[in-house]
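**Q** Residue-level listing of the chains:
Protein chains: 2
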Amino acid sequence: MAENRMEKIVALCKRRGFIFQSSEIYGGLNGAWDYGPLGAELKRNLKDAWWKAMTQWRDDILGLDGSILMNRAVWKASGHEATFSDPMIDCKTCQGRFRADQVASTPCPQKPSKMVTACGGELTEARQFNLMFKTYVGPVEDDRNLTYLRPETAQAMFVQFKNVLEVSRKKLPFGIAQIGKAFRNEINPRNFTFRSREFEQMEVEFFVRPSEGKAWLEKWLTDRIAWYESIGLPRKKIQVYDVPAKDRAFYSQGTYDLLYEFPFGAEELEGIAYRTDYDLKQHQAASGKPLEYFDEETREKFIPHVVEPSAGVDRTVLALICEAYTEEGVTDEKGNQETRVVLRFHPRIAPVKAGIFPLLKNKPDLVEKARALAADLRKHFPVFYDEAGAIGRRYRRQDEVGTPFGITVDFETLEGAKEGPLAGRKDTVTLRHRDSMQQERLAISDLLPRLTAALG
Amino acid sequence: MAENRMEKIVALCKRRGFIFQSSEIYGGLNGAWDYGPLGAELKRNLKDAWWKAMTQWRDDILGLDGSILMNRAVWKASGHEATFSDPMIDCKTCQGRFRADQVASTPCPQKPSKMVTACGGELTEARQFNLMFKTYVGPVEDDRNLTYLRPETAQAMFVQFKNVLEVSRKKLPFGIAQIGKAFRNEINPRNFTFRSREFEQMEVEFFVRPSEGKAWLEKWLTDRIAWYESIGLPRKKIQVYDVPAKDRAFYSQGTYDLLYEFPFGAEELEGIAYRTDYDLKQHQAASGKPLEYFDEETREKFIPHVVEPSAGVDRTVLALICEAYTEEGVTDEKGNQETRVVLRFHPRIAPVKAGIFPLLKNKPDLVEKARALAADLRKHFPVFYDEAGAIGRRYRRQDEVGTPFGITVDFETLEGAKEGPLAGRKDTVTLRHRDSMQQERLAISDLLPRLTAALG
Numbered sequence: 218m219a220e221n222r223m224e225k226i227v228a229l230c231k232r233r234g235f236i237f238q239s240s241e242i243y244g245g246l247n248g249a250w251d252y253g254p255l256g257a258e259l260k261r262n263l264k265d266a267w268w269k270a271m272t273q274w275r276d277d278i279l280g281l282d283g284s285i286l287m288n289r290a291v292w293k294a295s296g297h298e299a300t301f302s303d304p305m306i307d308c309k310t311c312q313g314r315f316r317a318d319q320v321a322s323t324p325c326p327q328k329p330s331k332m333v334t335a336c337g338g339e340l341t342e343a344r345q346f347n348l349m350f351k352t353y354v355g356p357v358e359d360d361r362n363l364t365y366l367r368p369e370t371a372q373a374m375f376v377q378f379k380n381v382l383e384v385s386r387k388k389l390p391f392g393i394a395q396i397g398k399a400f401r402n403e404i405n406p407r408n409f410t411f412r413s414r415e416f417e418q419m420e421v422e423f424f425v426r427p428s429e430g431k432a433w434l435e436k437w438l439t440d441r442i443a444w445y446e447s448i449g450l451p452r453k454k455i456q457v458y459d460v461p462a463k464d465r466a467f468y469s470q471g472t473y474d475l476l477y478e479f480p481f482g483a484e485e486l487e488g489i490a491y492r493t494d495y496d497l498k499q500h501q502a503a504s505g506k507p508l509e510y511f512d513e514e515t516r517e518k519f520i521p522h523v524v525e526p527s528a529g530v531d532r533t534v535l536a537l538i539c540e541a542y543t544e545e546g547v548t549d550e551k552g553n554q555e556t557r558v559v560l561r562f563h564p565r566i567a568p569v570k571a572g573i574f575p576l577l578k579n580k581p582d583l584v585e586k587a588r589a590l591a592a593d594l595r596k597h598f599p600v601f602y603d604e605a606g607a608i609g610r611r612y613r614r615q616d617e618v619g620t621p622f623g624i625t626v627d628f629e630t631l632e633g634a635k636e637g638p639l640a641g642r643k644d645t646v647t648l649r650h651r652d653s654m655q656q657e658r659l660a661i662s663d664l665l666p667r668l669t670a671a672l673g
Numbered sequence: 218m219a220e221n222r223m224e225k226i227v228a229l230c231k232r233r234g235f236i237f238q239s240s241e242i243y244g245g246l247n248g249a250w251d252y253g254p255l256g257a258e259l260k261r262n263l264k265d266a267w268w269k270a271m272t273q274w275r276d277d278i279l280g281l282d283g284s285i286l287m288n289r290a291v292w293k294a295s296g297h298e299a300t301f302s303d304p305m306i307d308c309k310t311c312q313g314r315f316r317a318d319q320v321a322s323t324p325c326p327q328k329p330s331k332m333v334t335a336c337g338g339e340l341t342e343a344r345q346f347n348l349m350f351k352t353y354v355g356p357v358e359d360d361r362n363l364t365y366l367r368p369e370t371a372q373a374m375f376v377q378f379k380n381v382l383e384v385s386r387k388k389l390p391f392g393i394a395q396i397g398k399a400f401r402n403e404i405n406p407r408n409f410t411f412r413s414r415e416f417e418q419m420e421v422e423f424f425v426r427p428s429e430g431k432a433w434l435e436k437w438l439t440d441r442i443a444w445y446e447s448i449g450l451p452r453k454k455i456q457v458y459d460v461p462a463k464d465r466a467f468y469s470q471g472t473y474d475l476l477y478e479f480p481f482g483a484e485e486l487e488g489i490a491y492r493t494d495y496d497l498k499q500h501q502a503a504s505g506k507p508l509e510y511f512d513e514e515t516r517e518k519f520i521p522h523v524v525e526p527s528a529g530v531d532r533t534v535l536a537l538i539c540e541a542y543t544e545e546g547v548t549d550e551k552g553n554q555e556t557r558v559v560l561r562f563h564p565r566i567a568p569v570k571a572g573i574f575p576l577l578k579n580k581p582d583l584v585e586k587a588r589a590l591a592a593d594l595r596k597h598f599p600v601f602y603d604e605a606g607a608i609g610r611r612y613r614r615q616d617e618v619g620t621p622f623g624i625t626v627d628f629e630t631l632e633g634a635k636e637g638p639l640a641g642r643k644d645t646v647t648l649r650h651r652d653s654m655q656q657e658r659l660a661i662s663d664l665l666p667r668l669t670a671a672l673g
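Residue numbers (the working numbering), protein chains in the order written: chain A, 218 to 673; chain B, 218 to 673.
Since the hints were derived computationally from the structure, they do not count as laboratory data. By construction, the Cβ of each residue, glycine as well, lies at the ideal position given by its N, Cα and C atoms. There's no promise every hint is true.
Chain A regions said to be covered by chain B (calculated; three or more residues, Cβ under 8 Å) [stated by the list, open to error]:
(1) 235 to 247
(2) 267 to 273
(3) 277 to 285
(4) 325 to 335
(5) 356 to 365
(6) 463 to 472
(7) 644 to 658
Using the sequences plus the hints, can you model the full thing?
**A** Below you can see the structure in the form of structure tokens.
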């Protein structure tokens, strides 16, 4: 059932242009995905919502947009070069390579009905495989020019801490926010876009006084859950996992994982980690550059502590799609039972805000009016104009991609509304609501304020 | 003079948090830059303006957000693996490597006052150096797993052409738009962020009937120049270079370069290339997958032609900063002559829209009122609250980062305006205009509509 649901979601994503396999015509690239027209908009809306909530709407967080390629010294100091690895085993029979802690749930490439632990192949001992992608910067391929694609966006915020502090003149507590691509050479990518090799992160490093770290960890936990609710992930589908000390990084004084109940199980959307002063201390020691904060009130110099809410963009996009995906039995215009597929996106993150339809394609007056309305509304938000096929089918096509509103230009628009409070009035349209499928008559002049308020 | 101007701009970018050297505390990484708080906002505003103009505001272009890592077959078919290279020479004396066509303008690393051609070092013959960054995807570092960081975003739009066509049901002419990072292992990065190794592109692939290619090339030229004007780059600073046939790619039937007059010379912001059917043809042949378009009217199948307007994000950000940078002699409050540095950004792309100031920091009523106003306005656009120092200095600080409006809460706000049309009225503020430095009295309730209209 859950598997079936996931298959349907993946098929919808491809069919309607949310997510394609990268380089699909060449057989793809394992662990890399492209967002199609609707997926690109959905992802943009998600990132915009996060960025606004983190920077514009508050006074204490500043944005940063750092490079993917950084000096290798960053990854030595952060510990990634030495320890950012997963245990890997080889199968001597099929030559496959697998994550050692997942062999019981990874299908054998040669006997897909069996898992790697049960297919009979002879396995090597596990050894550590570093997940950072290597490359060489500059025209000489030698060790001095080696670096990595960043495996997380966080480090730029630590190494630029002092610059940001100086240009912003901020006092503690304050944070740095960043959205960007990161790369991990996963041994076995899995679960559609959930665990991929190229992905995007939304991270805040929030710098605080050491005595206030634990309180801020709790505050961020509350804030982040509320934010997920604001974009349409209900509280009851989010699990909070209080990571026990033995499973945390040695320097962490507390970590919460926020898990969403995907069809393939509850998996992490975001980690909120109280990282103490570990990162800044490491970089101060390795670079020889002071990364301290001077407290003007107490006249003390110290390295701030940090709380890091770190969210996955692609995982959240996938959670939004999974949460929105609904099948329901409905009766069509001819009285037949059928299944309606609808993505119940929060209007704030829906990729298209309104579908605009002339009732009939072959009536120039209707078409002209509907096109003019579309041209007018698209100045304010993304709309989709569609004149092809029966109006019921056009509604369904927009339901399936989560468009919250349908606007139909019909003969009453031209001739005057037949009934209701607007009876006799021209320039009215039908406004159809995606979730309830209810329709109401509305003056064209009332559309923009009405929709703008609903899209908030 | 021009050099001096560029030095001042680079210094301002660092000092005020537009652009930092990547990994600066470790000595940087040549050709990689980080956008600080103000730079990140400026870049976002630029990309948003482009994305809206290309997708939301028109009916014929769809967005895509493709991966940076693609199947190596893409780069074989596109020709990049064989030919995406620059001529490189080595100096046998200092071991430096240089772009052969730039040695006359590249300083010698050991004798910086001389250029490489004149320092006396013995140079090798030029040979081709491929500019793509290599990496290995998956746990085995062998030739089968080799691929590249994309050197341009364009290819994803070609290889996904059929998918986008199918999900969108578009008819020719239509386009695909994408913004994203690309990487080129430049032998000698130069001119600040202008020629870097990691950069961002904004590209459209616009697919047309073969007979309409030349007309669309002209139309795109006009449209793109108008767009640069709409974000604040004046027509007179943009040069159009009609690339002669001998300097174009062999398949191109016309290419225009748009150059902006930077302090370091006129350099390319965007290339608009009529690429014919070259790219789709290459990928169809290499992948064996049909990439044709079926014209329902003429019942013909053909490979569409493409016109590609390809813009550099970082270059345009730099052009906007260079264009905005102004020094002017002004008289301060005490009658002294001083130099005012002001970034005259178009309000649409300015990183901060309004500075909000209580006249005095030590008057709780003023501070409370100003803070409340800031909290209210930041729901709508980015604002900056500042209470530190003399009001004149606070204005100057915002002038220097291009904030178009300054709003000051003073005693008249609390007690009633002393003069003018609002005399006697409470809850008014001073609105100061960045460019003219003129001030006017405005009711707080009129601020939001007034500013929203101006920021449009």
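**Q** Examine the region 356 to 365 of chain A for residues whose CB is less than 8 Å from any CB of chain B, and state whether their number is three or more.
**A** As far as the region 356 to 365 of chain A goes, the hint holds, because 3 residues have Cβ atoms under 8 Å from chain B.
**Q** For the region 277 to 285 of chain A, do at least 3 residues have a Cβ located nearer than 8 Å to some Cβ of chain B?
**A** holds (count 7)
**Q** Per the coverage rule (Cβ-Cβ under 8 Å, at least three residues), is the region 235 to 247 of chain A covered by chain B?
**A** holds (count 10)
**Q** For the region 325 to 335 of chain A, count the residues whose Cβ lies under 8 Å from any Cβ of chain B; is that count three or more?
**A** violated (count 0)
**Q** So is the region 463 to 472 of chain A in contact with chain B by the C-beta rule, three or more residues under 8 Å, or is the coverage claim wrong?
**A** violated (count 0)
**Q** With a cut-off of 8 Å between beta carbons, are at least three residues of the region 267 to 273 of chain A near chain B?
**A** holds (count 3)
**Q** Taking 8 Å as the C-beta cutoff, is the stated coverage of the region 644 to 658 of chain A by chain B satisfied by three or more residues?
**A** violated (count 0)
In summary, the structure is inconsistent with hints 4, 6 and 7 from the numbered list given earlier, while agreeing with the others.
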